Amino acid sequence: MAVQSITIQETPLVVYLLRRADDSLILGHRLSEWCGHAPMLEEDMALANMGLDLIGQARELYSYAAAVEGAGKTEDHFAYLRDVRQYKNLLLVEQPNGDFAQTILRQFFYSAFADPYWRAMMGSKDATLAAIAAKSEKESAYHLRHSSEWVMRLGDGTEESHRRAQAAIDNLWAFTGELFYRDEDDAGLIAGGVVIDPETVREGWLSTVREVISAATLKLPDNDWMQKGGRIGHHSEHLGHLLSELQHLQRSFPGATW
Amino acid sequence: MTSLSAIDDLKKRAWDAAAAVVDPEIPVLTIADLGVLRDVSVNDGRVDVAITPTYLGCPAMNMITLEIELALERAGIAGATVRTVLSPAWTTDWMTEDGRRKLRDYGIAPPQPGGGRRALFGEQKVACPQCGSTDTEVLSEFGSTSCKSLWRCRACREPFDYFKCH
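Going down the list, the sequences are from chains D and P.
Taking the numbering used here, the leading residue of the first sequence gets 1, the next gets one more, and so forth.
Taking the numbering used here, the leading residue of the second sequence gets 259, the next gets one more, and so forth.
Isolated chain D (complex conformation) (with noise of 0.2 Å):
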């Protein structure tokens, strides 16, 4: 019989720190279903190797959220042993890789929103948190000019490349509006001068999207319509299905070690 979920003390430190580091698993995991498929073997080691820097933000994430909880609890419990609804990642990071035009043009949108947050977030107040920034800022950065490449290659590449880089854009836009998102949890922490205000990387993120958008001839929708749900729990069916891949061993052979 498969294992229970666990129960978490959510104070709004731990669930901040659960909402960054379940982008981080989970946009991690979606690059390593390329692993062996991507379209040329350069690309391959690429996004393996994004996925690698982003496991690794999400590991010093939830090992910090174990310590800050005080519960006992490791990195494993909050990546293997919490159910769909526990998840508090964007939904951007949790849509499916799609063809190579919606993995790039979604991790364009994330690398471009998280290299300037991890980089405002190296002044924390929060010495765990401002450490784990300035490692992330580093890699993120990597992230961000990698996929504007690829952006600006398949949108002034072939005509099929740019129809396919322009329907990545529309299919993915809707989702951009989540990485702004904060709540009352995110007030206090705010205020305090442990997490800075998603609102303030906006404008950057804004300009590096247009930059890199126009460069490669395509196009922003005029649609500013936006869905969210993810940071508290409503995620997509998509979800769901990358969870029971990511959490099968350790739900069918508790504590499972090789």
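Don't take each hint at face value.
[As the list claims (entries may be wrong)] If you anchor each label on the Cβ, the simulated ranges turn out as follows: (1) P:C389 - D:P221: 24 to 30 Å; (2) P:W352 - D:K219: 40 to 46 Å; (3) D:H248 - P:S261: 26 to 32 Å; (4) D:T11 - P:P346: 44 to 50 Å; (5) D:K228 - P:V396: 34 to 40 Å.
[Said to hold, decoys possible] Covered stretches of chain P (chain D as the covering partner; in silico rule of three or more C-beta atoms under 8 Å from a C-beta of chain D): (6) 289-300; (7) 344-352; (8) 392-402.
[Said to hold, decoys possible] Counterexamples of contact, computed for chain P against chain D with all Cβ distances above 12 Å: (9) P282; (10) G303; (11) E327; (12) G365; (13) S407.
Hints are computed from structural coordinates only; laboratory data are not their basis.
All values derive from a computational prediction rather than experimental measurement.
A virtual CB, placed ideally from N, CA and C, is assigned to each residue, including glycine.
Following the hints, complete the assembly by docking chain P onto the known chain D.
Quick look at chain P alone, frame taken from chain D:
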């Protein structure tokens, strides 16, 4: 009561043992060359080693931790602890001159101090470790390990790894 000189001696022996551990993915470099070894201290007669990851997801960290524990045991130092510190964040600027030379001799272009990582589409000049030409081009920002990118020399036509600035 342990004398001060005995503590210093233990600390030095522990540092020397730990400093000789090599990176499992780039075996010409020691963790001291890389700047991964941050500190060795002695508290109540117990040795505590602090290391810092190059990249957060670097899979070599577990291996390095194990290798340090083994190296210390071989040096007759039992019960040491190895912990990972994140701050200040590791930078390639910590790589020693000796380490840079060893990398180049091994066929990997060493990181350039203060390199232009920040520019979104920045141009970098990286010298080919084989022939020294700077007429080179990047093939992929991501190479065989987290810390390297893949390049090609237009002069001698050889592909090579570049240890990325970080």
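For each hint, the structure was consulted:
1. P:C389 - D:P221: 24 to 30 Å: violated (49 Å)
2. P:W352 - D:K219: 40 to 46 Å: Given a distance of about 44 Å, which is inside 40 to 46 Å, the answer is holds.
3. D:H248 - P:S261: 26 to 32 Å: violated (57 Å)
4. D:T11 - P:P346: 44 to 50 Å: violated (28 Å)
5. D:K228 - P:V396: 34 to 40 Å: holds (38 Å)
6. 289-300: violated (count 0)
7. 344-352: holds (count 5)
8. 392-402: holds (count 6)
9. P282: About 15 Å separates P282 of chain P from the closest Cβ of chain D, which puts it past 12 Å; holds.
10. G303: holds (27 Å)
11. E327: holds (19 Å)
12. G365: holds (18 Å)
13. S407: violated (9 Å)
In terms of the numbered hints stated before, the structure departs from hints 1, 3, 4, 6, 13, listed from lowest to highest.
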